[in-house]
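Enquirer: Chains A and B are the protein sequences, given in the same order. Following our numbering, the numbering of the first sequence begins with 6 at its first residue and continues without gaps. Following our numbering, the numbering of the second sequence begins with 79 at its first residue and continues without gaps.
No lab work stands behind these hints, which were simulated from the structure alone. Be aware that one or more of the hints could be misleading.
Here chain A is said to cover these stretches of chain B; the calculated rule only asks that three of the stretch's residues, wherever they fall, bring their Cβ under 8 Å from a Cβ of chain A [to be verified]:
#, region
1, 242-253
2, 337-346
3, 368-380
4, 509-519
5, 552-562
The C-beta atom is built at its ideal place from N, Cα and C for all residues, glycine as well.
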Amino acid sequence: MSAVLRRLAVYFLAAWVAITVSFLLPRVVPGNPVAGAVARASQSGNCNSQCVLAVEEQLGFDVHKSLWDQYVEYIGNLSHGNLGHSWSENAPVGSLILSYLPWTLAVLGLATTISFVAGTTIGTFVAWRRGSWIDWIMPGATFFQAIPYFFLALVLVLIFGQTGTMLRWLPSLFGYDIYTVTPGFNGPYISSVIAHAILPVATVVLASIAGFLVAMRNQVITTMDEDFVLMAAAKGLHTRTVIWYAARNALLPVVSNFTIAISLVVSGQILVEIVFNYPGIGYHLNDALGKLDYSLVQGIFVVITLIVLAANLLADVVYVLIDPRARQIA
Amino acid sequence: MTIAPTSLTEVAPAGGPGSVAFHRTRILRLPRSPKVIAGLVIMGLFGVVAVIGRWAAPYSPNATDEKNWVQHVLVAGTGPGTPFPANYYPLPLPPSAAHWLGTTVFAQDALSQVLASTQATLFVGLLAAAIATVLSVLFGVTAGYVGGGTDEGLSLVANVFLAIPGLPLLIVLADYVPSAGSSILLVGAIIAVTTWAYSARTLRAQTLSLRNRDFVEAARVSGEGRLRIIMVEVLPNLVPIVAASFLFTTLAAIGAYVAIAFLGLAGSPTSYPPGLWNWGEMLREGFANNAVRGGWWWWWAPPGIAVALLGTGLALLNFGIDEFINPRLRSAGLSRKAARKAGISASSRLGLTPVARSVWDAPSPASKVAHASAADPVLEIRGLCVDYGVGDDAVHAVMDCDLVLRRGQVLGLAGESGSGKTTLALSAIRLLRPPGVITAGQVLFHSKPISGDGPTGTIDLLAAGQRQLREVRWSEIAVVLQSALDSLNPVITIGAQFDDLLRVHRPHLSHDERWNRAGELLEMVGMNADRLRSYAHELSGGMRQRAMIAMAIALEPQVIILDEPTTALDVVTQREILEELIGLRDRIGFATLFITHDLSLLVELADEIAVMYAGRLMERAPAASLFHAPRLPYTHGLLHCFPPLHGARVAMEGIPGSPPDLRDLPSGCAFHPRCRWAMQRCSEERPQLAQLNGSDREVACWLHAGDAVVPAELAQPDPASRRPERMDAATRVSEL
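Generate the whole structure from the sequences, applying the supplied hints.
Expert: Okay, structure coming up:
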């Protein structure tokens, strides 16, 4: 149990650090962040006087409260789920984020699942048939692994997207067709949502699959040197059972390294949403940055951190479930 | 993600020939593989461009080609005849002789921008990686070496940083630090803060394992200062991992820089204060100016491809380091070309040791062993040769070995480690791993199933395919390896492993029947049937080996190969398990190939013993004869390096020197440099295994050929009884 509590403590601490950093930073950096921010924003014509006021209050500029009081108030609000008020949308940040979240979570969940399952499966196969032509997949995977997510998104838009210039097969702008369908539980809306999700999901899958593939391949190769895999072959088990013995064990370190993977995927998806104008939290983070809506920026940052921490926790739970040795400790 | 976690935590090199011993100080020597060379070439190219790119660029990245620029193209759906006022947009120029990569929408030369951008992009990547690496080494080494509360605290900090998603944190940092955009130093530092934790954690784990190594312990005991130990003993051993971390972090930092530049947070060359040209900025401008909608790929595709190429170069180098750290990742050692020439497939299939084509072409080797076919053989190995690798680099691990295992008997196979015992046994049943290749010989299995519906008749194991082998495996030939902990799958229960086995070989049994049968088997080896629910790590070493033996007899095989089954156990447990085995043998009647380096153990168990040296069989005799009257100097040496458990006390002599390197065998008899009776002839001609006149034993030694004088030690009279002294439980226990 103590191992689980320990992990929980780390996640709580991480959440606290993230929240505190996002609170403290604009208030303690040297220079005048408000003036700088306002100057940048007015250059782009995005900041009116209402905006300047909001920014000043948000960044704790010229507020007659001590830093500590502001902090206590901020944490207090957070603990009640109050993330502040967005001046640009004129709505509570919490409810705004709740409306963005389903888009992000759907794409993220679907893409990560596909990528993890397909990546580890292909990785196992590549390791198993090492020495054959399939080794040529590795340089390709390496190249794919190095492509920035948003660049891959741009390429997919160019080739397949309706806003691109080549095949124009799939919608590549917004979360659904905002001109012709009405959101709600109706057929056209649902099919539009599905069609609009294909390219973002495909981007995240293509960009992240190589990581899982390479990691799994290396693990399976390492595991295949273990005696118990040789024994599985010696027992005359079916080849698929022998592969399963190796893959099942190779999966453990891949799952325990999920932390880094999920962090990369979430970071990548933020930019992918921007490319597709996909109405998730990544797109709105960029939008809020441009509008200097700092309460929204902070809120989204905190929520993204929480999502990643939740995914980590999930990976920890899965790890305990699939490794009997960890189960014993936990 | 290119750094596999185990490659950083398990540094033990894989066993078998070809692996290098763990050096005290591991300097980074990259394998000269095509991957590493390609990586170096790519990195070198980018390095050159980074240095000279700004000056080599044909134009200034900001200069506008006013002459050819078409600035006024009417936006469709605007202007005369439409309800909208005329709206114009500028058009970038496609690639041409003047602009190889075309231009941006502002008629700036795209190639010049790509070239000029390389410097800042690479600089930020390397700078961030350098800062992050210094941070992670400081953190990791301190935490790992000092340990205790410091370790707890530092690890916590690293874990917290690791859990916070990097890019969002970076976005917030870059956005709030107002001058970040104009200072790439600041950008680099901010990126470093968000990327150091992973390497720190890895380095901590590695330092922790180094701290407990003997040489560090020795330095500590000899009173060296902590700082000195870290600098001299620990850091040099961390070099490969630090290098891997550095490359990984460079890749991550470039990705992060490009990403925040794409978001417009890293400063743009056109804003004030001006930032530097970088690939992310090019992508941002392209995206912001509808370069994707316009299909102007020449503008935004090159910087993206440049990022990917640079990343590939870094990752390829990382592969090289990975393979240095974790030799298992190196290709199986069978180069495809050489393998094809030898007529074998280089693709490694576990449990199907490749057999060279020449084996089929060669006439089946004539029986050199006169008495072998007389008795009832169950496994006949004839002229078996096994190499590691193919072509000129091949190591001959087993050479021309003949071995006959008779039904129901115990054949002992003895020799020092590295003599090829295990290679011989595993290759005979095609279980040898790559790069092992069978290059000559024949292995015949004469099957008469004890129970079950296994195949009958003679099976040529070297000619058998996967399916045919699977029928024989375990149901007729079972294997028990040295370490039972490694032989049992750690993540499923013992019961599930019995179940897998019985489901395949006894498909008619129901789930409950399989479970009951597994329970019976455990009870047969003195374990409680409840243990079926246990995992391997929950059992003691002796229990694990018992469970393995229970598994081995589950299908009542005709042959069990025991590869040092008790070496890892303490003497008492060893004894109990051997007794168990003998009892089971008497009950079921399987034949056993018993591999060990402990001759004294064999003499109590075996009917016949064969002694191996440097890949060849050197002596074979009935167990008692070999034990009491060895004819081979090597056997004599082996017998005198273990104290016998009973009988007269003899002086322990041991064998001077160490086993030979199989890649560089001595001429003549491979044992002659270590032999106290070596003659001139021994270094010139290799003795053949030949029958000693008038006996049922064979030896390969010039002392017993021609008119050489046989030393008294090697001329003891053969004991009268051919049967070895059977192990009697009562006497054994009393002796302990």
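Enquirer: Tell me if chain A covers the region 368-380 of chain B under the three-residue, 8 Å CB rule, please?
Expert: holds (count 7)
Enquirer: If you count the residues of the region 552-562 of chain B with a beta-carbon closer than 8 Å to a beta-carbon of chain A, do you get 3 or more?
Expert: holds (count 6)
Enquirer: If you count the residues of the region 242-253 of chain B with a beta-carbon closer than 8 Å to a beta-carbon of chain A, do you get 3 or more?
Expert: holds (count 10)
Enquirer: Has the region 509-519 of chain B got at least three residues whose CB is nearer than 8 Å to a CB belonging to chain A?
Expert: holds (count 3)
Enquirer: Do at least three Cβ atoms from the region 337-346 of chain B come closer than 8 Å to Cβ atoms of chain A?
Expert: holds (count 4)
Violated hints are absent here; each numbered hint is respected by the structure.
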